[in-house]
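Asker: Chain by chain, the residues run as shown.
Number of protein chains: 2
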Amino acid sequence: MKQEIAFIQRADLKVKPDTASLGFGKYFSDYMFVMDYHTDIGWNDPRIIPYAPLTLDPASMVFHYGQAIFEGLKAYKTADGTIQLFRPEKNMKRLNESCDRLCIPLIDEDFLLHAIKQLIVTEKDWIPDGEGTSLYIRPFIFSTEPYLGVRASKQYQLLVILSPVGAYYGNQLSPVRINVEEHYVRAVIGGVGHVKTAGNYAASLKAQEKAEANGFAQILWLDAKENKYVEEVGSMNIFFKINGEVITPRLNGSILPGVTRDSVIELLKYWNIPVREVKISIEEVFAAYERGELEEAFGSGTAAVISPVGELNWNDQTITINDQNIGQLSQRLYNEMTGIQLGKKEDPFNWTVKVAQV
Amino acid sequence: MKQEIAFIQRADLKVKPDTASLGFGKYFSDYMFVMDYHTDIGWNDPRIIPYAPLTLDPASMVFHYGQAIFEGLKAYKTADGTIQLFRPEKNMKRLNESCDRLCIPLIDEDFLLHAIKQLIVTEKDWIPDGEGTSLYIRPFIFSTEPYLGVRASKQYQLLVILSPVGAYYGNQLSPVRINVEEHYVRAVIGGVGHVKTAGNYAASLKAQEKAEANGFAQILWLDAKENKYVEEVGSMNIFFKINGEVITPRLNGSILPGVTRDSVIELLKYWNIPVREVKISIEEVFAAYERGELEEAFGSGTAAVISPVGELNWNDQTITINDQNIGQLSQRLYNEMTGIQLGKKEDPFNWTVKVAQV
Numbered sequence: 001m002k003q004e005i006a007f008i009q010r011a012d013l014k015v016k017p018d019t020a021s022l023g024f025g026k027y028f029s030d031y032m033f034v035m036d037y038h039t040d041i042g043w044n045d046p047r048i049i050p051y052a053p054l055t056l057d058p059a060s061m062v063f064h065y066g067q068a069i070f071e072g073l074k075a076y077k078t079a080d081g082t083i084q085l086f087r088p089e090k091n092m093k094r095l096n097e098s099c100d101r102l103c104i105p106l107i108d109e110d111f112l113l114h115a116i117k118q119l120i121v122t123e124k125d126w127i128p129d130g131e132g133t134s135l136y137i138r139p140f141i142f143s144t145e146p147y148l149g150v151r152a153s154k155q156y157q158l159l160v161i162l163s164p165v166g167a168y169y170g171n172q173l174s175p176v177r178i179n180v181e182e183h184y185v186r187a188v189i190g191g192v193g194h195v196k197t198a199g200n201y202a203a204s205l206k207a208q209e210k211a212e213a214n215g216f217a218q219i220l221w222l223d224a225k226e227n228k229y230v231e232e233v234g235s236m237n238i239f240f241k242i243n244g245e246v247i248t249p250r251l252n253g254s255i256l257p258g259v260t261r262d263s264v265i266e267l268l269k270y271w272n273i274p275v276r277e278v279k280i281s282i283e284e285v286f287a288a289y290e291r292g293e294l295e296e297a298f299g300s301g302t303a304a305v306i307s308p309v310g311e312l313n314w315n316d317q318t319i320t321i322n323d324q325n326i327g328q329l330s331q332r333l334y335n336e337m338t339g340i341q342l343g344k345k346e347d348p349f350n351w352t353v354k355v356a357q358v
Numbered sequence: 001m002k003q004e005i006a007f008i009q010r011a012d013l014k015v016k017p018d019t020a021s022l023g024f025g026k027y028f029s030d031y032m033f034v035m036d037y038h039t040d041i042g043w044n045d046p047r048i049i050p051y052a053p054l055t056l057d058p059a060s061m062v063f064h065y066g067q068a069i070f071e072g073l074k075a076y077k078t079a080d081g082t083i084q085l086f087r088p089e090k091n092m093k094r095l096n097e098s099c100d101r102l103c104i105p106l107i108d109e110d111f112l113l114h115a116i117k118q119l120i121v122t123e124k125d126w127i128p129d130g131e132g133t134s135l136y137i138r139p140f141i142f143s144t145e146p147y148l149g150v151r152a153s154k155q156y157q158l159l160v161i162l163s164p165v166g167a168y169y170g171n172q173l174s175p176v177r178i179n180v181e182e183h184y185v186r187a188v189i190g191g192v193g194h195v196k197t198a199g200n201y202a203a204s205l206k207a208q209e210k211a212e213a214n215g216f217a218q219i220l221w222l223d224a225k226e227n228k229y230v231e232e233v234g235s236m237n238i239f240f241k242i243n244g245e246v247i248t249p250r251l252n253g254s255i256l257p258g259v260t261r262d263s264v265i266e267l268l269k270y271w272n273i274p275v276r277e278v279k280i281s282i283e284e285v286f287a288a289y290e291r292g293e294l295e296e297a298f299g300s301g302t303a304a305v306i307s308p309v310g311e312l313n314w315n316d317q318t319i320t321i322n323d324q325n326i327g328q329l330s331q332r333l334y335n336e337m338t339g340i341q342l343g344k345k346e347d348p349f350n351w352t353v354k355v356a357q358v
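Taken in order, these protein sequences are the chains called A and B.
So in full-length UniProt numbering, spot 338 of the first sequence is number 338, and the numbers just go up one at a time.
So in full-length UniProt numbering, spot 357 of the second sequence is number 357, and the numbers just go up one at a time.
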């Protein structure tokens, strides 16, 4: 796709929020990237335009049959003024995997990454530079054809919006209480759990609300077939450190292949810390605790980076991990990952992609 | 909810489509019903306004986390000019079940039905009166809060749009070829398959496209845990007539409780035809065929009413049902159901609800 990206300037820029009040996904920048799709002409009309409401027919298929997928990545500003991304090509690739599963036409990954870079350069003043802050990038695609028959839409819209964000869970890593969900499930093999489609998140809310009502911060999801094997934690991947070895559920078709998950695995290998992707039951996790071998547990994701687990509740049994303190490895991974992202640490994997210098 | 429904008149009415070209879900009437929700004030501002595009923030949660549910029912015009609905209270009830599962605030069922009736009276000229035609009613709710954190939205919009429709599969019942899907699954127990949420339909498209590419009209879904038990056909419930008895999969938490499904069961009981809701494997269906006992198979749903199955393909084995002809019972059920809906047949169950006389 060799199209020019059109640009429409806005008259007035928004007032930017205070860094301290950013939170996550509350504020949006001045511009957005938009591209349309129609079966007759393919993806077309790429443009950077003022962030503004969309105009959609009430019969647009997204409201009825839910063809909607997304990605999440971040732009960082380093101390020397470099704007950089973290492994964005992985997000582009996964976006297309989501497209494929949801019968949405594939996008040109290189072109979209190019468009995202252009949008970020346009919005460079929106990248916050406080501790733990970044510019969250949300590419998403949804069906727009006004039609109520059940089939794939013939029209779509792709957008990229930007949101300056603080650290997802505040400014310090803080171990959270997690409930192992036994009734509701997130995904099943043969379904759509391995891709980032909107419906997965809607389906997860009920269990999350139940957990919160019982004083837990998140859910640990088990597999849908046997309600036995560990899958994910909230909307993150999960890791356990057991007797010196790090374990994470093997990608099985219902677990999301997280970019942070992959990066954690790579870092551990680089550090010569044993790491394995396995099928692990919740029973084994609790047994490791009983043996005194469960040293750490943490979630990994783009929003939170690393999120330590302080407590696990399953079957009316509660176990406390590492005395509810941040594990040494969790902290090291968090420091290393954010260090690389912010250009404070060496990047031996060439994970960061420079966008511009300001 | 005792609120007045506001009305905004449009300047010009649309030109109505020819009855012959209606199809399904392609045309929409002049007005729509809209109502908003905000956690601070609940459902508010019910109004009947000109059918027009919606204006939505790109960060509206529906595009990202998919809280979207819907219903489908029809309004019929009888020979004597009565406008009537078919068991609409069941749709209102199921809408709330969908709300509950998707963490969407419940609606006042009586008020929504009242609003739908008022909309239909406003749009009475849109009810077509050709054979097999009706006015399809699509209530739907989706999240609108502009926020990217994963949690239930604090804002929603409920709409009801109307579409004049022809018979879903054309003017005559015609048995279709069905592929038994073995790789992809529609839903799993603990998930959201038992409610009408947008994501279920998005997740089903890939298997549907695969089936069509192989010359099949629809998919027969098996359960996700064992890939063994029959669940649904396409977006309909499924029935088998085996050795004089009618069998349909028991509602198990991953099957949609169809209004037409329930009506078929009630009618069969009324006719003293044996009917059972059971857990039935695809193996048993094929075994019944081998014994020469598989007499009929058909899907049931609001859009198509009754849809006969002419052929089932599973594991490279293909069986032909009733010589690819419409079964006697399928035809009888179709006639009776549409007869009641159109006021041509007695309604011993008081299923129809009169809306107005024109």
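Just so you know, these hints were derived from the structure itself, not from any lab.
Keep in mind it's a predicted model, so treat the numbers as computed, not measured.
Among the clues, some could well be false.
Any copy, or any two copies together, can satisfy a pair, since identical chains are not distinguished.
To be verified - In the DSS-like style, the derived pairs of lysine-lysine whose C-alpha atoms are separated by at most 27 Å in a straight line are: (1) Lys279 - Lys345; (2) Lys228 - Lys26; (3) Lys93 - Lys210; (4) Lys16 - Lys210; (5) Lys154 - Lys206; (6) Lys14 - Lys269.
Asker: Next step is simple, just say for each hint if it's right about the structure.
Answerer: The hints, checked one at a time:
no., hint, in the structure
1, Lys279 - Lys345, "neither (33 Å within a copy, 58 Å between copies)"
2, Lys228 - Lys26, "neither (36 Å within a copy, 45 Å between copies)"
3, Lys93 - Lys210, "between (34 Å within a copy, 22 Å between copies)"
4, Lys16 - Lys210, "neither (36 Å within a copy, 48 Å between copies)"
5, Lys154 - Lys206, "between (32 Å within a copy, 15 Å between copies)"
6, Lys14 - Lys269, "neither (45 Å within a copy, 65 Å between copies)"
Figure legend: structure checked against the earlier numbered hints; hints not met, in rising order: 1, 2, 4, 6.
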